[in-house]
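The lines below spell out each chain.
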Amino acid sequence: MKITAIITRIVQQFIRDKRTLALLFLAPLLILILTWVVLDQEAAGDYAIAAVSVPEPVVEKIEGEHIEMVETSTPYADLADGEVQAVLTLEDQQLQLTVDNSQPNAEKALFMQLQRALSTTNNTNIALEVTDYYQAEVETTFDYVGPVLIGYFAFFFVFLVGGISFLREKSQGTMERLFATPIRSWEIIIGYLAGFGVFAIIQSIVVIAFSVYVLSIPIQGSVLLVMFITLMLALTALTLGMLLSTFAKNEFQMMQFIPIVIVPQAFFSGLFSLDNAPAWVEGIGRIMPIKYGASALTDVMIKGNGFGEVSLDLLILFGFSSLFFILNLGTLIAYRK
Amino acid sequence: MCSIIHLDQVNQAYGKEVVLKDIQLEINKGEIYGLLGPSGSGKTTLVKTIIGAITPKSGLIEVEGVKMPNLNKLNDIGYMAQADALYDELTANENLAFFAKLYRMQGSYRKRRITEVLKQVDLLADKEKRVEHFSGGMKRRLSLAIALLHEPKLLILDEPTVGIDPVLRNQIWDSFYQLKEAGVTVIITTHVMDEAEKCDRLGLLRNGHILASDTPISLKQRTNTATIEEAFLQLGDVQ
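As they're listed, the protein sequences go chains W and S.
The first sequence begins at 1 in my numbering and counts up one residue at a time.
The second sequence begins at 1001 in my numbering and counts up one residue at a time.
What the hints contain is simulated information worked out from the structure, not anything from laboratory work.
As the structure is a prediction and not an experimental result, all values here were calculated from the model.
Note that the Cβ used here is the ideal one computed from N, Cα and C, for glycine as well.
Treat the hints loosely; a few may be bogus.
What follows is a set of in silico ranges between Cβ atoms, one per label pair, in the way DEER data are often shown [claimed, not checked]:
no.	chain 1	residue 1	chain 2	residue 2	range
1	W	G330	S	E1197	44 to 50 Å
2	S	G1065	W	F247	36 to 42 Å
3	S	S1218	W	L323	54 to 60 Å
Only chain W is shown next, with the shape it has when bound in the complex:
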């Protein structure tokens, strides 16, 4: 009953606070749309290559769907201007490619395209067929980062809103007022978790539904499982936010945790490859909750894995939440004295 009183109160407070509601439900959509606009491009772009004294048959071979061969008298100036992405020359029977490597991915993509085009000139009869290992139609960068972004937003916004609300309870004196009523410390925390849980559930439904049905992120596994993972991640963010709010005197100090706690998580979320990073970097990643949430989301959404495959990730997230919950309880009890 005391717990439901807190839940009711949090829901009432939030419904009145339209700005915060918008932050929770619309801000993730806005950022998703922006990311989609920027990243929803086919991995293979269109390239223009300036050919210098390259024999016509070779040019014809290379020219294709994604590559346009350009004749120009000032190839390197065009390269510097960005008119072409590479210059191809033939000297002593050796093809020489100069690539504009100031553009991300251009070098690798061009190389692949050229290789593919030139390999057919060697008259080999071996055909190469490429198939995707995973069922999902992952074609654009956005399709890869989508699952990670869903997890990251759930984490970020719930951390921020939950942490600040809990902090305000202390700074406006209502927490101390609660201590004068017969409510137990764990009832306060559970009430908060459940109250915010309501909004975390709605947020994950909105964000996932929008990603899947509007932005058509490919999803192989179960939508329910994706929601459950998002929720577990949100629970971790909420308990962490509440815990850290203990160490902040005001909203401004709470904001200072964003560069320290939230931003570094992005580097370990799977958005950046850590395959070649030293072991200690991977070690840091192990203490980042987002790593487990994002990897579980990718597993389910792209690889189509089920509950069994992500249960370890979920268990670790639950472990984080439990740890933060216990620390929360400890600090609240200490604060009460």
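Fit chain S to the known structure of chain W by using the hints.
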């Protein structure tokens, strides 16, 4: 007279800063007891220690024979903090309902009590208004209403009449007398001398010490002074 609150050798400190020193205090059942002292004398810390919101560094606090801090005993205590601790986004009604639920007050009893206390503090007409639109005085009254809500046997009010106009202040004092008639013990902190005169007994607090604890009349007689203010100053000099 039987004692409802008993403090023995209570010391309280925030870090190294000592706030209460060797507090020895008896408060009787059914009296209006005033804690009088300048700001910074430790009034708020004393009442917070009594309700168990903060644990004393040493010493014994008992409310009706139960050692504080005790969570169950808080069911018998109504508390009004010095700073209004209200939820601004909620209406007066919703604030009251929230606290009522924390005291496990059920359905119709909850509704009846909410209406009663709102009437008592003259806020019935504003019950659907959000607290963020309240004036300072209205917030004070709502805090008082919350303290009265669960019909506590013991009412502890930290500066309850600050920012409340004289007419309403008189009304509120009338309700204190009514509560006293009903057997409720009322403890109020104040730094207003004329309010102190209205209390049955007074505890004079300075620098974390209780200088004296007696009825206003005997305090004046003991010090041969005409007003509580003079009595306070004289007792302070002796120490």
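A quick look at each hint next to the structure:
Look at G330(W) against E1197(S): about 47 Å separates their beta carbons, and that is inside 44 to 50 Å. In this structure the supplied range 36 to 42 Å holds for G1065(S) paired with F247(W), their Cβ-Cβ distance being about 39 Å. Checked against the given bound of 54 to 60 Å, the beta carbons of S1218(S) and L323(W), roughly 59 Å apart, stay inside it.
When held up to the earlier numbered hints, the structure conflicts with none and fits them all.
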